[in-house]
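Hints given; two lone chains; assemble the complex.
Same order as they appear, the protein sequences are chains V and S. What the first sequence shows, in this note's numbering, is residues 1 to 177, in sequence order. What the second sequence shows, in this note's numbering, is residues 1 to 328, in sequence order.
Certain hints may be false.
Claimed, not checked - Only pairs whose alpha carbons sit at most 35 Å apart, straight line, appear in this in silico DSBU-like list of lysine-lysine: (1) K162(S) with K267(S); (2) K13(S) with K176(V); (3) K168(V) with K267(S).
Hint data in this document are derived by calculation from the structure and do not stem from the laboratory. Small disclaimer: the values here were computed from a predicted structure and weren't measured.
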Amino acid sequence: MTELPSTLYDTPTVTGWLDDMVEPLITLIGDDPSTALIGIRRGGVDVGRYLLEKLTLASAPVNEELGELNIAFYRDDFSSVGLHPVVGASQVPFDVDNRHIVLIDDVLGTGRTVRAAMNEIFDYGRPARISLAVLVQRDGHELPIRADVTGQVMNVQSNQYIDLDASKMQVTVGQKA
Amino acid sequence: MSLPDPQFNAQGKLHHFIDIDSLDRELLTQILDTAEGFAGVGGRTVKKVPLLRGKTVANLFFENSTRTRTAFELAAKRLSADILNVDLVTSSTKKGESLLDTLHVLEALQCDMFIVRHGDSGAAHFIARHVSPGINIINGGDGQHSHPTQGMLDMFTIRRHKGDFANLCVVIIGDIRHSRVARSDISALVKLGAGEIRVVGPRTLIPADVESLGVTVFPTLDKALIGADVVMGLRLQKERMLSATVPSSSEFYRTYGLSPERLALAKPDALVMHPGPTNRGVEIAGSVADGAQSVILEQVTYGIAVRMAVMSIVMGNAESLRHSEAVT
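So here's chain S without its partners, still in its complex pose (with noise of 0.2 Å):
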């Protein structure tokens, strides 16, 4: 017997935002045009809106990062949310019982929202489905598993360039094997109706299955990169090499790395796009990361418009459906 999917209330309304997988492209689209209606709050004298106002967001990162971190916590401030940064990685904070018990005390501080990012696989999952109804866990990156938001704004990002997703061209490169970005960005690209999207690289880091997923794998970069409108890199993480998964990251950077004269090959207008923070002479040359078709620090900036977007959306979910059952 399977379990109701945890992201969605009583309401059907999305109240968890875990993974892109079981929504829908309404849902989606939704949510780029919320992002858009955020985006410009950055620019104003006040880049502040009240959506929030007494609302308190927990940050809890199991795992290091500072831009997830950093973009969350600036989201939650521009809706005018207290947010409290819980440094888990030092802690002994492990899963199971600690894991719950550091749970309960956040909610017992009345927390309305926790951002988790973890380096297990499911761990957001796995708190949605032991926390009280009334708090919404947004997913800040699990594991192999899923990063939604960063999913979210690379698709914002591709619509602010491209308008519409049904004729792009869109390669992924890299270590698709292991990147919850390349998880979330193909299933968000496949939901909105992409035309075509490619990956390539080493085969060690290609899953067996990946075609399944709505995907066509190419055996060389140059040939993936033909007619491409959006070509997208992935951090290599060095524990890859350790493992001996991957080749030197100079032998990465002859047959994968992103040089001018590969980013030739795709279309003249076509964007680079990477997650960050960029490995340069391995998966990027710096020239093409700083180059005119770079979006990389858009991808940063839009992020807090998509998450600012994601936040208020299951917020106001549950407010409605705490406001339903209240008045029945």
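Just chain V, with the same shape it has in the complex (with noise of 0.2 Å):
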């Protein structure tokens, strides 16, 4: 494949991708006063956080305190690569019994991430129903997983990443090594 150069997407525009998704995340909210939203660690955490100040504003019936899990224990590739470096605990500090919860993450690429994440909300207890909301889908998908509400769309090639620095809310899309 073709070495391509990296491309950086500045504040303004990432800040733009994620207030897009406030409308979408109000729609799909409705009403449910269940609704929770849990982010999976890091990148999911830092979207997650953001939204949830913006829905909060907005008055979504949404919980005010956000999950965060870490997936590290629930990935699928323990038998080829180990255990990942554990970035904090998981913390979901809310009955996830019969709620509405919304999954959170930065990219959503081959979907196993996200398979982990929701083995994992499983074991909290049972959601009524969950719904996945990401600030980049990017292709590869490897799972029949797919976003509820996304923030932007990229075609990147298979060499390439993509790189959420949440301090500064900027995207890098880059080579991988």
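Here you go:
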């Protein structure tokens, strides 16, 4: 594959994508007061925090606390790469039973992270429904998992990565090493 | 010629967990961080993660132990591994040929990990040198040498309460000489940069060269306790009294027992720790063991998360090594 230059999407662009997610999320949540957001560490937690603030400002009926998942113990590649670094414990400060859970991640690619996250959520209880919201949806799906709400769709090659720098809310698309 | 450290595999990753001495601070911190991730699992609806599904762990206990064996068993179960408890205390297994025969039988049963508890120092090390390369060994306590998972769960408990080790003053009381727990705790505290480590106990139970480990020997418990952030008791083994290396239990309590009055000499928020089982009225007053500053039962709870961390790290390293060898 050809060598591609890396591209930086600046803060106004990325926050624009995030803001574009708010209206569709409000529609998705509707008037269901059981709704709660859960972000996948690390990027999904930053995206989740941003969206939760916007949704609360818009008076959407969403749980005021954000859940956080560290999916290292649920990944399907333990037998090839071993244990991934543990980036903090999972924290779900509410009962997931019978709730509408909106799962949030920064990038949806293969779908394996989301599968792992869903398996973990079911170890906390039985949600009524799980939806998926992602900042960026890229090519490369390996599982029948698609987002309900997407900030931006990117057509990138399999040798490219997409990285969110949450401290600046900037996205880099670059060549994998 | 010294043999390479059997704790590490060809990729330089932790393969067996036998003692803390040759591990660096980064690795100890990785174990503590990983344990932090596991600490919440016990409070969920489903107290399990699927990480070691399909793996078989064998508890090989050549020495009696209820709490360590149970903690390893629960840790394995919470990782979704299958666990086999092999009672070797009552069997006629001895070191040497027959021990190796036992190991080979368990290997033939396709176990993936052995947890070894043995009365002889160096037993886990010996077994690590003789098992098939694919098997991980975790030391559940060997003689007077090492009890590394106890050391790490003590560090986890301290870090949870105190955050950082740098400015901590830790006092370890009692039978330092025969205590594998003390040895592992001292090693871990030194690596993690504890501010000051004090030991105190009967002269017969303090090794002559103990200060070379990075600790200071104090002449009296009262002096040692002043300004302490963490106070650790150790179990006084009854056989020590029989061998007359210490006086009677009441005499021991008078001189080295952690009473409420003595604990008041430490900082008001000092933690009281003990690896258990406690001899109330010998090393520690019942009211101190059950008191507000005691974290003795937390140590037991955290022991599960810490053992889950160690087991999943070494088994993950073995998996990744196997995978890289298979693809090259």
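Verification of the hints:
Of the pairs offered as hints, the one joining K162(S) and K267(S) holds, with about 13 Å between alpha carbons and a cut-off of 35 Å not exceeded. With a CA separation close to 25 Å, the supplied pair K13(S) and K176(V) stays within the 35 Å bound. For a cut-off of 35 Å, the pair hint linking K168(V) to K267(S) is broken: about 43 Å separates their Cα positions.
Going down the numbered hints, you'll see the structure goes against just number 3.
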